[in-house]
Amino acid sequence: MQRRKHTKQYSKKILISLTAVALATQGNAAAEEKEMPEVLVSGEKLITPSMQASETVYTGSEITAKGIEIQGAKATTSVYGALDMLPGINVESADSNGLGAEMGTVRVRGVKGALGALTVEGVPNYGGNPIGPRDYLYDMENMEGISMYKGAMPGDIGTGVGSRGGSLQLKPDWPHENFGFSFKQSVGTHAYTRTFLRLDPGTLPEVNSKVSGSFSYSGADKWRGTGELGPRLNANLALSQPLGEKADIKIWYNHNDLEQHLYRRLTSADIQDLEANYNKDYNATLTGNPAEDVNYYDYNRGEYQNDDVLAVLKMQVADSLLFTVKPYYSKEDAEILEGASKSSIRKRIRDIKRTGLITEAVWETPSLNTSLGYHLEAVDMHIYSQNYASVGSGLAYRGYGRMAKSGGTSYINSPYVKLAGSHGMYNWQAGLKYFHFQEADSLGYISGPGPDYALLRTPDLDHEASEYDILLPTLAASVQLNDALEMRAGYGRTFIRPYSYMPLVNLYSTNRSAFQAQGIDLQDLFDGYDIEESHTVDFGIRYIGDWFDIAPTFFYSTHSNLVTTIYDPRVDLNYSQYVGEATSYGVDLEMNAYLSDDLSLFFNPTYTSMTYDNDLTYAGERLESEGNQVVDTPEWLLKTGFIYHPGNFEIVPTLRYLGNRYADLEHKTEVDGAALVDLRMSYTLPKLLGAEAVKCSFELNNLFDKEYISSINGYDDTRDGQATFYPGTPLSAMLTLSVTY
97 MQRRKHTKQY
107 SKKILISLTA
117 VALATQGNAA
127 AEEKEMPEVL
137 VSGEKLITPS
147 MQASETVYTG
157 SEITAKGIEI
167 QGAKATTSVY
177 GALDMLPGIN
187 VESADSNGLG
197 AEMGTVRVRG
207 VKGALGALTV
217 EGVPNYGGNP
227 IGPRDYLYDM
237 ENMEGISMYK
247 GAMPGDIGTG
257 VGSRGGSLQL
267 KPDWPHENFG
277 FSFKQSVGTH
287 AYTRTFLRLD
297 PGTLPEVNSK
307 VSGSFSYSGA
317 DKWRGTGELG
327 PRLNANLALS
337 QPLGEKADIK
347 IWYNHNDLEQ
357 HLYRRLTSAD
367 IQDLEANYNK
377 DYNATLTGNP
387 AEDVNYYDYN
397 RGEYQNDDVL
407 AVLKMQVADS
417 LLFTVKPYYS
427 KEDAEILEGA
437 SKSSIRKRIR
447 DIKRTGLITE
457 AVWETPSLNT
467 SLGYHLEAVD
477 MHIYSQNYAS
487 VGSGLAYRGY
497 GRMAKSGGTS
507 YINSPYVKLA
517 GSHGMYNWQA
527 GLKYFHFQEA
537 DSLGYISGPG
547 PDYALLRTPD
557 LDHEASEYDI
567 LLPTLAASVQ
577 LNDALEMRAG
587 YGRTFIRPYS
597 YMPLVNLYST
607 NRSAFQAQGI
617 DLQDLFDGYD
627 IEESHTVDFG
637 IRYIGDWFDI
647 APTFFYSTHS
657 NLVTTIYDPR
667 VDLNYSQYVG
677 EATSYGVDLE
687 MNAYLSDDLS
697 LFFNPTYTSM
707 TYDNDLTYAG
717 ERLESEGNQV
727 VDTPEWLLKT
737 GFIYHPGNFE
747 IVPTLRYLGN
757 RYADLEHKTE
767 VDGAALVDLR
777 MSYTLPKLLG
787 AEAVKCSFEL
797 NNLFDKEYIS
807 SINGYDDTRD
817 GQATFYPGTP
827 LSAMLTLSVT
837 Y
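Every number in our numbering is 96 more than the matching position in the sequence shown, counting from 1.
Treat the hints as calculated values from the structure; they're not laboratory data.
Please note that the accuracy of each hint is not assured.
[As the list claims (entries may be wrong)] Straight-line Cα separation of at most 25 Å, DSS-like style, residue types lysine-lysine; simulated pairs:
#1 Lys141 with Lys267
#2 Lys162 with Lys783
#3 Lys141 with Lys280
#4 Lys376 with Lys267
#5 Lys267 with Lys342
Start from the sequences, fold in the hints, and give me the full structure.
As structure tokens, then:
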């Protein structure tokens, strides 16, 4: 794999150009100096209730720009890093700076976040292998907030692949009316560096256009082993243009280019002596032994390039009727090199293109809001692997793994309707969404013998065209008992379309002779694939008082058709099928206390029980799994901290508690919990060089240098010894200077 070269000249040219334009524009726009804004103190919200447009019941939570800011470096380049303060969400990462892509996981009330939806303005972001959202594509300084729906998914959020793991909507910070220029420079331990620039020239005369542009460069050394996270280059452009008095269009483009070396996963044996293996990673040099050189650090790396563009066209065709059209295009190119066995290195290649359109009509009257929408997406997803061997001169090509040539384009069709209304103290809303996924067929090939490894047609590796569909109802109601107290309840059905294709393909390919001897081809195994689904009921109370607010939410969910390993005695092998069932319940709590004008507290605990409903079978033997907590799901989580504002200082100590978890279905391997303390401090300087604000920030993560397991990698039904692990980052420090004009 030839690595792309990113030169410093590329970064410098963009930095110099944006800076020059900013200074030139600022000279004209800032004829009058602005006073430094007053430092916000008590009552500043980190999490607020959220609802979609035209709805009447708050069913989600929004992390504000301030909530994103106080979470530090990890929340600038990772969407999941910005979610870490929400109750009910367990963010597990291999690094504390938010740069380690696809090397961690997040669980929402026990369900993997990869099985959920992530959108920008309702437009879905996702890919395959691994399935799910790409949370590392955005500079979060370009977002004014994140809405999270942990239960039912609002119909106007683009479905993507599913919503079982929650639904996220990023809200872009669109171009500003007035001139603005932001500069941020961060440095930290492990050679961490990040430069961020954003320019808002302000409203352009005559045409009334507003534009914005941003660029960032990020990079760091891995905290264990040899290698780098980065460079990461991100560019974002946005346009807001009125079209007469009753229409406007917004266009948003995002480019992200990332290179990284991977962290080595620890095994179950490794974590038995975590202190001795905490810094274990890939080898820094080649040994000449192929079995050992699969663990060479430069044979375990990835390159990821993503381009996304969307438009939002709104037309107010009547006082009560609004049309919205959202066309979009997304492209992903990725190559990930990773040691796959004792003598083989595998390159995973992803070439994914998605083109879509979301249309919606909203009719609002005093008594009823009606929304009708349609989501159409065409997907061309080419995912395959190549095999390599380690030889003295480097890597030698050894042909493809299974090569699937797509027979066409796959399609998502998803119409929806929403109704919402209010009557006095009562609010209600209901919705129905239909999801239909038409998956194109693919033709199977394998590589023949060397030296050319030509592709050979293999009909038993074909995958027939498939169709999957599901109805997704939602219902919610609330009652405003007084100005301070609200009660609400809701129900929703969520899903995830079939996934985990490559593990099944690899197992079949490895044991092809055994399957063929029994007359079983790959399609026979895929016939057992289905849509996972969940039914969730929420009941919540929200009290907003003079000096504190509190919002507990009780939830109950049933989950069916879950990916579960079954034993097939015909071939004496285990593989995944969609047959599992589970039940979950618990409570999330969001609480803020405003103790004085300069001191506030947030306290966000969660209790989650998620257990399998039945015993499972593995290798012909019954496993005692009924009633056991699923893998990697702590019963208790806590995110809490203070925000203290003495003058122009801001001091934010936080505590994250992660309860005990299990690494296998039968609870043979228990992973200890951890209490982690972080500290963030900042000082807002008096106005310098005409800047509106200058802020110096310092953060310490894992203040007491706690050794712990951050991420457990495995399925919900993982057997003992099969899971792998990422240890948490030790004590790290970061210093940031930000200047805003």
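Satisfaction of hint between Lys267 and Lys141, Cα-Cα up to 25 Å:
Given that 25 Å is the threshold and the Cα spacing comes to 17 Å, the pair holds.
Taking 25 Å as the top limit, are the C-alpha atoms of Lys141 and Lys280 close enough?
holds, 23 Å
Lys162 and Lys783: Cα distance at most 25 Å?
Satisfied, since the Cα-Cα distance of roughly 21 Å is no more than 25 Å.
Within a Cα-Cα threshold of 25 Å, do Lys376 and Lys267 meet the stated pairing?
violated, 39 Å
Take a quick look at whether Lys267 and Lys342 sit within 25 Å of each other, Cα to Cα.
holds, 22 Å
Hint check: a violation occurs at hint 4 only; the rest are consistent with the structure.
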